[in-house]
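Chains as they are written, first to last, in my numbering: chain P, 1 to 293; chain E, 1001 to 1237; chain V, 2001 to 2314; chain Z, 3001 to 3404.
Hints listed in this document are in silico derivations from the structure and should not be mistaken for laboratory results. We treat Cβ as the ideally placed atom computed from N, Cα and C, and that holds for glycine. Some clues are possibly wrong.
Stated by the list, open to error - Some chain E residues close to chain P (C-beta under 8 angstroms, calculated; not the full set):
hint	residue
1	K1070
2	V1076
3	P1084
4	Q1085
5	F1090
6	M1091
7	E1096
Now for the letters of each chain:
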Amino acid sequence: MDIFLQQVVSGIATGGIYASLALALVMIYQATDVVNFAQGEMAMFSTYLAWSMLNAGVPYWVTFFATVALAFLLGLVIERLVIRPVESAPILSIVIVTLGLLVIHNSIAGWIWSYIQKPFPSPFPSRPVHMGPIIVGAHDIGEISVTLIVLLLLFAFFRYTPVGLAMRAAAHNPVSSRLSGIRVSRMLMLGWGLAAAFGAVAGMMVAPIVTLEPNMMGGIQIYAFAAATLGGFTSPGGAVLGGIIVGVAENLVGTYVRFIGTELKLTVALAIIIIVLLVRPRGLFGRAVVRRV
Amino acid sequence: MSAILEVENLQAWYGRTQALHGVSFSMEPRGITTILGANGAGKTTTLRAISAMIRTAGTIRFDGARIDRKATEDIVALGVAHVPQGRGTFMELTVEENLRVGAWARRDRSGVAEDFDRVYRLFPVLLQRRRQLAGTLSGGEQQMLAVGRGLMLRPRLLLLDEPSLGLAPLVVQEIFAILRRINQESGVTILLVEQNARLALALADRAFLIETGRVVMSGASAELTSDDAIRRAYLGY
Amino acid sequence: MSAPTIAVLVAAVIALVLPFMLSNFRLFQFTQVFIYAIALLGLNMLTGFNGQISLGHGAFFAVGAYTGAIMMDRWNVPYGWTIPVGGLLCLIVGFLFGIPALRLEGLYLALATFALALAVPQILKYFEHWTGGSQGIVLTKPAAPFGLPLSEDQWFYFVTLVVLFVMFVLARNLLSGRIGRALVAIRDNPLAAEAMGVNKALYKSLTFGVSAAYTGVAGALSAVAIAFVAPDSFNILLSISLLTGSVIGGLASISGAIYGALFIQFVPNWAQDISKAAPWAIFGLFLIVFMYVMPYGIAGALRLVWNRLTRPQG
Amino acid sequence: MNVMRRVLMLLLVGTVGLATALPAGAQTPGVTSTEIKIGNTNPYSGPASAYGTIGKALGAYFKKINDEGGINGRKINYITYDDSYAPPKTVEMVRRLVEQDQVALLFQTLGTPTNSAIHKYMNGKQVPHIFVATGATKWNDPKNFPWTMGWQPNYQIEGRIYAQYVLKNVKDAKVGILYQNDDYGKDYRKGFLDGLGEAAKRVVVLEQTYEVTDPTIDSQIVNLKNSGANVFFNVTIPKFAVQAIKKSHDIGWKPVHLLNNVSSSLGTTLKPAGLEASKGLITALYMKEVTDPQWKNDKAYLDWVAWMKKYYPEGALDDQANAYAYSVAATLVQALKQCGNDLSRQNIMKQAASLKNLELPMLLPGIKINTSATDFAPIEQEQLAKFNGEIWQVFGELIDASKK
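Start from the sequences and build out the full structure, keeping to the hints where you can.
Printed below as a string of structure tokens:
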């Protein structure tokens, strides 16, 4: 029983990592209708900016918020310079542009900071927390809390603020939004900025666990996609829950299903997602809407 | 009384294809004008040109000021609401959110609250469904929502593109009755593009006819209704 | 004779003369281009013509390649047989995958296929007995038969060229007729297509199957051309570069497959010739500039230029 | 077949003997009186790009050699291409090097699957394919592949060393293994299990794997602890080694922790994991660890730093890979020097297989490189070391795998 609980808890912790980046993916999808393949790499890049600041002696929390602000700006600039020119191109062309951004970020980060992994500090205590027989890293708890806070912010932003509403409107129906006076391109820019900011938070929370290196987000983004797909790309809450489900399911399969073991862990997790999609084609919590022609 | 909308020698293009070849007309405040014409004649194009959604040349004056160089969003902010063909519903937003999007360009909070009441009074069904996703509404309800969204701007000019498209006759009658009520109660000027010429002429006080991107006839609705050519071609009797 | 016909003829002549002008190494590169072109054509049918986005065609490529490799290595089957068998197997796998995929649309389909591509290397490693695990399978490159005075590379270049030609002719006949129209109708207006009596489900899953078969044939050819298969050859980057090739080449265009193949074969090489320090940065820049200049891909841009040239100004 | 090959080799060696007497091997591709062309592939892009620094550092080392006058008057023309760790791309790039650029030899091509893809081709073409950058065992097969040679101690040898340590020093050993699910992980595992021999079935209580794309390995560590293992054989790359050390410390699991050489960097693995948590780790070393303070004033280390600063300033000083490249490049330079004026491919191969007691500055003191016509494994010695909280303290004797 203890091992079961311990695996569940560590699955939740890992799921929290997936969820944090999944939130940024959901954010940008909600705001711009684009799946941004460069999200993880932008987060990694921002985390390097944070690392440089920390190295220069800037205190952690100053760095944290400065990085979030910088990432926001970076997102705005990327949207303005790179995405805006292809805004009216077919969606797949935009996806290819985000792939271009992915490789550029990865390559430049390696060029500037080298590929050698770097330790990244955690703002939380290093001593693990004991809950009965279960042991949890303090950073894991902190990281999940931060993810939940981001989720809350995101939810409140989209649900209760006029700008959040305008962003959703602009993403779903740009023509109609312009006819309602919404400056769609400004909303898209804002969407990129906010997603980049959330990504930066994810990066700074993930880096203490996986250590900072240019490829640190590669695997995580794959799982974040899985999480967002499972939860539904239109639902931030679903994405977080999706992340946790993937994390826990993977651990339990790896632990208890012996003939599969750890070697097919990922495959099984992916199979679960496909099965879920077959039952609920828009993810567990995605909104099913018939787009009328 | 000075015109609220004056269009002079308006030309418009889709890509390299010219769709309007010098359209001119003007509208009095509080009036309802309808644009008649066959499919592809340039009716919808005229509305899109006014809202600056396509490339144009010529002058457009709204309330005396030129708007032909302005961006769509700025024209909307001046009080020109455009309900596009196909209704432009935000399927993945709730009914209430759709209406709130309509009020985006406004800054007067108390006024917005009043207008919510007004729209719900005009379209009680929207009040019933306000928490529902707009994508789940019927076609008629979506058209009501689209008009309601336009009204949330508290517009001075309402551009309506084919509000009857794809709707059952009874629903169409209901919507047109409400349009008349809106025009009478709040004095919104309406520019209406409509396939169903009989319906349009009954509602409008003025009308003009477009053929291949040019205005070929204009005058009071009654005049046009009695014109033989119009009767044969557009009214079918 | 119309201009496209002339272009095709010129291309054919060049393709036939090339082997006697170029070094074996260059021929190997062009063989790779043909192989990619076959795969891209398959992906293009699915994504371009039928509107089903796949991020997982690397999986079918791998199935084709491993089918070929196992047949040659284990059972000494001549390589000629592995190509249709690889295609056939992928047809079945693709069709079967296409049935559940019917329920998924747009983004969710793309990510489900993405999952498929991710799982493949792991599965290949798991069935070590058959696949050689992470060590892969080493093959022998076939020599020209009947004592033809051709080098291995020249010979296989021609083999690939013939397969490419056959696959293109098949695709053209398929796509320019009733079936092609049905596919496009399903993409652009699914409700109307169904109202017109198009069996949407059957068409969509069949398209998936045929698309996979094309990619499988390409995979089987590549196993022979490279003379080696390993899980690392079929990672997610392969699927992504196939998608990149089909978009850059031009979706919903048959000739686009060739342009896309040329792009994914040669542009990364140029990128690294420009900068060894950060080759990906250069490649990424290429991607963005290409999409910026030609949002509808190379085929789209060519069509545009052609229209400009031929249509009278006005 | 084998007989044929052996006869062939003898003939080759014979011709080589004659050839040495002749002036400059003008007929060898890539060799002129002023230049030797050397080819290489490395992942400069893609998921394995961390290794790309090796390819760059090799170039920096050859630059130094050229600045010092080259080898017997010939400058090294080093051509390196990006294969992004994809075997098909390796095949293409290697063919470009051999057929287009006409290099004299291929050196330090990186990766096991990538080298496997060109193994047959290189031997068919009879182009030296030497000192490849991978720890697989198959490169030491002079009978079947007389043109291919490894360099570093192979993973199986190292695995065997750990197994011997366990058998000798741990009573009632219960071993848990964590390994990367690929050839690298499996080679280590095989060596280790072979080393345990009969005892393996009894001793190994749980094996866990991970994929390079996995974000964390927490779950595996929890399972290993739960298995009751008191020995942890940790076959992970640095990123996961950090997690493994941290996590087992956090959950209070204190086994005899055997960490593979791949992750033995103090700077990139132990420090991020926490020096306290790393205390007691055991690894096998063959090089001076560049972030280990015990070498801070070592002449060889200082020379290496000076070289880095002059020739590869953008490279990381805490990256062991740069010291690795420095050493392997020096090995090649030695082999080429031994070639004298005969740079035929046969002679290059022959000299690469005639390294005798070569000691290199950045190798651990006492480690000697030896090769022969039947021994294509240049480094076969390693020494166990224990981390004492500050430095890797070597203990026991130099273990030589060639002397079983």
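Violating hint indices (sorted, rising): The structure conflicts with hints 1, 4 and 7, although it agrees with all the remaining ones.
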